[in-house]
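**Q** Sequence:
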Amino acid sequence: MPPPRDDGMVYSWHLSLRVDRPLEGCTLTPACYMYSKKLDHNDNDKPLSHLYLSKTVPPAHEFKYTWYRSKEKQETCHSVTCPRRGSYSPLEWSKYKIRGGWSRRLEKGADHGAEVTSVMCVDNRRSCFGKRFCNEDCFVKGWRESGAVAPGVHKKKGEQDEQEGNNKSPQNSPALGPSSPAPKVYSHIANVDTDEWEMVAQTQGDPASASAASFSPPPDVVGHKLLLLAEAVVAGKDTVLMSRVSKTELCLSAPPSPPKRQLVTAKNIPSAGFRFRAVTYNILAEIYATGSMYPYCDYYALQWDYRFQNIKRELMSIDGDVISLQEVQSDYFTSHVQPFFNELGYDGQFKQKTRDAMGIAGKVDGCAMFWKRSKLQVVEAYSIEFNELAQRQAESLGMNSKNPATTHYINRLKKDNIAQIVVLEFIQQSTRSAANQHSRICVVNTHLLANKEHPDIKLWQAWQLVSQVEEYALSRNLPVMICGDLNSTPDSAVYDLLAAQTVHPGHPDLQVNETEGKQRVLPDPRNITHSLSLASAYQTVMGDEPEFTNYTGGFRGTLDYIWYSADTLRPLSTAPIHSEEMIHEYGIALPNTQFSSDHILMMADMQLGGPARG
Numbered sequence: 001m002p003p004p005r006d007d008g009m010v011y012s013w014h015l016s017l018r019v020d021r022p023l024e025g026c027t028l029t030p031a032c033y034m035y036s037k038k039l040d041h042n043d044n045d046k047p048l049s050h051l052y053l054s055k056t057v058p059p060a061h062e063f064k065y066t067w068y069r070s071k072e073k074q075e076t077c078h079s080v081t082c083p084r085r086g087s088y089s090p091l092e093w094s095k096y097k098i099r100g101g102w103s104r105r106l107e108k109g110a111d112h113g114a115e116v117t118s119v120m121c122v123d124n125r126r127s128c129f130g131k132r133f134c135n136e137d138c139f140v141k142g143w144r145e146s147g148a149v150a151p152g153v154h155k156k157k158g159e160q161d162e163q164e165g166n167n168k169s170p171q172n173s174p175a176l177g178p179s180s181p182a183p184k185v186y187s188h189i190a191n192v193d194t195d196e197w198e199m200v201a202q203t204q205g206d207p208a209s210a211s212a213a214s215f216s217p218p219p220d221v222v223g224h225k226l227l228l229l230a231e232a233v234v235a236g237k238d239t240v241l242m243s244r245v246s247k248t249e250l251c252l253s254a255p256p257s258p259p260k261r262q263l264v265t266a267k268n269i270p271s272a273g274f275r276f277r278a279v280t281y282n283i284l285a286e287i288y289a290t291g292s293m294y295p296y297c298d299y300y301a302l303q304w305d306y307r308f309q310n311i312k313r314e315l316m317s318i319d320g321d322v323i324s325l326q327e328v329q330s331d332y333f334t335s336h337v338q339p340f341f342n343e344l345g346y347d348g349q350f351k352q353k354t355r356d357a358m359g360i361a362g363k364v365d366g367c368a369m370f371w372k373r374s375k376l377q378v379v380e381a382y383s384i385e386f387n388e389l390a391q392r393q394a395e396s397l398g399m400n401s402k403n404p405a406t407t408h409y410i411n412r413l414k415k416d417n418i419a420q421i422v423v424l425e426f427i428q429q430s431t432r433s434a435a436n437q438h439s440r441i442c443v444v445n446t447h448l449l450a451n452k453e454h455p456d457i458k459l460w461q462a463w464q465l466v467s468q469v470e471e472y473a474l475s476r477n478l479p480v481m482i483c484g485d486l487n488s489t490p491d492s493a494v495y496d497l498l499a500a501q502t503v504h505p506g507h508p509d510l511q512v513n514e515t516e517g518k519q520r521v522l523p524d525p526r527n528i529t530h531s532l533s534l535a536s537a538y539q540t541v542m543g544d545e546p547e548f549t550n551y552t553g554g555f556r557g558t559l560d561y562i563w564y565s566a567d568t569l570r571p572l573s574t575a576p577i578h579s580e581e582m583i584h585e586y587g588i589a590l591p592n593t594q595f596s597s598d599h600i601l602m603m604a605d606m607q608l609g610g611p612a613r614g
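Quick note on numbering: the sequence shown equals residues 1 to 614 in the UniProt record's numbering.
Don't read these hints as lab results, they were simulated from the structure. Be a bit skeptical, because a hint or two may be false.
Stated by the list, open to error - So the derived label-pair ranges between C-beta atoms look like this: (1) ASP193 x SER214: 34 to 40 Å; (2) LEU344 x GLY398: 34 to 40 Å; (3) LEU344 x TYR382: 20 to 26 Å; (4) SER292 x GLN262: 34 to 40 Å; (5) ASN513 x GLU343: 47 to 53 Å; (6) ALA499 x ASP319: 27 to 33 Å; (7) GLU343 x PRO508: 46 to 52 Å.
Unchecked claim - List of simulated lysine-lysine pairs, DSBU-like, C-alpha gap at most 30 Å: (8) LYS247 x LYS95; (9) LYS95 x LYS37; (10) LYS37 x LYS237; (11) LYS353 x LYS64.
Each residue gets a CB set at the ideal place from its N, CA and C atoms; glycine is no exception.
Start from the sequences and build out the full structure, keeping to the hints where you can.
**A** Here it is in structure tokens:
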């Protein structure tokens, strides 16, 4: 790259740096970039502490990062009666817990928190006598405990705000060169007080590679603040163009293991047949885990690295034999999910939804299925693309591809959803199994359309799914399991179709308001049938479906299921879902600091063999 050209203009250089709250074992990737703005004599911008004036734009550069931790552990709260004093658990330091949890929410009302926020925002959570308090109650108690209170906090001589460095005006800028006449310079070259901070790591990377700059806090950083020194250096050299520091909040510990799930066992359990544990779990893709979607959840608890730690612990504690996952993001399947399962002894496959990435490669979710390689092996594997089935159906109906009505018909059906079909075979035969016992099973994993405004499209997808499975599995005499997020409640037409093999013609989900521009896509309800004899594992064992499997601020209901062939499979036990009281222990809804998806993991112990005999 040629050196920057001196065009006679004056440029202001800026270095932007941001780093999130540190948590043990969660990757910290600083957001750091350098940019310039052209100035003229009419520019009224006042120089800032992180601004540098130069006669050229910044040259090609890369970043060097030095991570420091405070030499002393920081006090979490100075109130001696604070229940969180001495704890660095992220479960205790969520904004929900700080505000008093569910009971305080009921007492104060849903808007409680504004008064707490005002206290927490006073000089970066410091009280007027220079101590830290986590909420209003601790602030008031600390006020009383302290006795005399100073009228305000004054910075010590030389003390600087967070994300601030020292202003210096060197005679020669590295960008201008020693022979260039230097304009008035507001240099941001930051210093670190080594009496207060000790170095823990150094990383480096070019502006286009964020991963090279990442740092994962080890256990000995818990309870300390971190300070990050970012230096923009000339590419291939050590010449520092600009530097900046940013201090973080206290580093919290890794989240604890999830609460143990208890089992409810079915009656009349048969003694013979292959046994296995089936799991289905919508793990909430990163692209959907946003603060606008889940404003009640702490920002750090929405980050993928934090959530994946919780998800891993939950999956390990359940120890499933066949695991069906939904909302698995393509890039994280490669970098996180598949390596995790491979290390645990699973083989698996991934099918991405049939839509383009959301601006960045890999930012598309899909379905993934894993099975224990010590117990099961794959025989056949297929995928279903509902977009393709929509095209095929239009052709089978003889619809003219050039007709606008045909385009509208296909577009109504094309929602990018997919499904996986995997035939698995048991490797080790049970000593209790009969010689002619089936040793293969067909497992289906799917994630149907979420939009509640299109129940007829959901029904069409479910009908196409069971039709494909029926054609494939019945011809091979295979037991079937259909797992996944069907985005359909037990009162829906989708549920009726799976459970009863048909749908009542008067069901509300079949009604389409054509005045709103919705084209009818379903055939005569009498043709929406199948021959699979399916039952729900939770309904069979528990006597009813769970009260909810999806619990957010705006919705509470059952969307996830484990369906099975009632004549060839038998559920032995299921794990009841979390109670509302347990969810409210950690947050208003899902996700929260303990449960890292908006869905609840579903699990059923299954056995090959017919229904129990009374």
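**Q** Which numbered hints does this structure break?
**A** 1, 2, 9 and 11
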